[in-house]
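Use the sequences and the hints to build the structure in full.
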Amino acid sequence: MNCKQSEKWISEFYESQLSNQQAEQLKKHLNGCKDCSGLFDDYDMIINSLSSLPNVESPKEIKSSFLHELNRPKVIDLKPTEPKRRSSKIQALQIAASFVLFFMIGFFAKDLMNDNRIENYISELKTENETLKNNMVLALLENQSPSMRIKAIDIYEKNDVRNDEIIKVLLDKMNNDSNDNVRMAAIKSISKFISFSEIKKEFIQQLKKEKNPNIQILIIEALSNIKEIEIINAMKYLKNRQDVEEYVKVEANRTLKSII
Amino acid sequence: MKLTELSDEELMALASNGNLEAMEYLFDRYQKRIFNFLYQMSGDYTDSQDLTQNVFYKLIRNKKSYKGGQFSSWIFRITRNLFYDYIADKRKSKISNNIENYDYYEMIDESEADNRRQQLNIYKILNELKVEEKELILMCKSNGMRYQEIAVIMNSNPSAIKMKVYRIMKKIRKNLKGTS
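Protein chains in written order, with the working numbering: chain A, 1 to 260; chain B, 1 to 180.
None of these hints come from the bench; they were simulated from the model. Note that CB positions come from ideal geometry on N, CA and C, so glycine has one too. A couple of the hints might just be wrong.
Restricting the straight-line Cα-Cα distance to at most 16 Å, the calculated cross-link-like pairs of lysine to aspartate or glutamate (EDC-like) are [as the list claims (entries may be wrong)]:
hint: 1; chain 1: B; residue 1: K164; chain 2: A; residue 2: E15
hint: 2; chain 1: B; residue 1: K170; chain 2: A; residue 2: D177
hint: 3; chain 1: B; residue 1: K162; chain 2: A; residue 2: E7
hint: 4; chain 1: B; residue 1: K64; chain 2: B; residue 2: E5
What follows is a set of in silico ranges between Cβ atoms, one per label pair, in the way DEER data are often shown [as the list claims (entries may be wrong)]:
hint: 5; chain 1: B; residue 1: S7; chain 2: A; residue 2: A23; range: 27 to 37 Å
hint: 6; chain 1: A; residue 1: K208; chain 2: B; residue 2: K32; range: 45 to 55 Å
hint: 7; chain 1: A; residue 1: E15; chain 2: B; residue 2: K32; range: 19 to 29 Å
hint: 8; chain 1: A; residue 1: K208; chain 2: B; residue 2: Y57; range: 33 to 43 Å
hint: 9; chain 1: A; residue 1: A23; chain 2: B; residue 2: T179; range: 23 to 33 Å
hint: 10; chain 1: B; residue 1: G18; chain 2: A; residue 2: Q144; range: 36 to 46 Å
In structure tokens, the structure reads:
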């Protein structure tokens, strides 16, 4: 064996690619060749150093952010950049998709009645259908026509499940929509969630700056079921304001008495 | 069968069908290895944390694109792609002089004081290699990956990888002789 062959085999030795016989031949050569045995020692040291590179503990935040991402519900982002034009297209597609889903549920239910997977399958389809419905509501809420926006609120009102994205849009409608009827419809539909602190907070804030008496009355009604110091303060604030209609003050006073 | 007894590939097959628990098991098996690989490559602890997070986010998002094959090759390919994007962002062609960040001095066992100088020299040389060379040598000699596996990750063939590793080893030895 010559030194060139030996060098190649030293490298292969560490990959466990030599046969016993080859390893024996290499050993013999190394015993008699100072250069190659030096090369072998160097390789040995380099490989040992590399294989014992220090391992550090990874930061704990990696796991928590991973779990957060893993359990995050899938949200389909359908925020239209041009609400008027895109929403009608999305709306049409979503309504069509809903019909297809319903037919599919019916079709598969018939053929797979004895299959255990049917329940899971239907629940998956229902979830998907729910998502489509919510997306349709979101798209309709951006429609230019106030009556379409009210229709969207009606559709959502039939659903008792709280959807944070829709609630957020509805709160925005309550505060900023150009049409008072849409604002009132929004208030009515969110008021069933009034016990959630962030919604309650929004209602109180809006009441304090609200100018429309009819909307003031609606908000007072929504808040009247909560017996908390914040509500008392809000009612007192309203009573003392000079620009508030007398009949609104009467309503505020009634709520105040019922709380105290 | 318990999830702990399943292979990486079996777990990933379950994960790609929506089994979140299987995905978490894979995370636990690989996160430390991926983090340390990225830390050794970049020398930056915080960047390695971000990159590791992104590897697993990508794993979650692309779970359906897993079509079998060795899982470790797949996740290392994701890791590698993200790492190269990271380098492109930083406009570095060579990652060097990070030895102060990746504190070998602190981490080397005191009881092996005799080998310390020699080991430190090797780590310095490692940091002076080209990114591709460092990556290859870390995968092969530090992570114990086979040529076949590395070839899949790098879209190459095992004999080409073997030849490259051989050349890099020669280079490390030559540089080592130069420092001593």
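Contradicted hints - numbers only = Failing hints, ascending: 2, 4.
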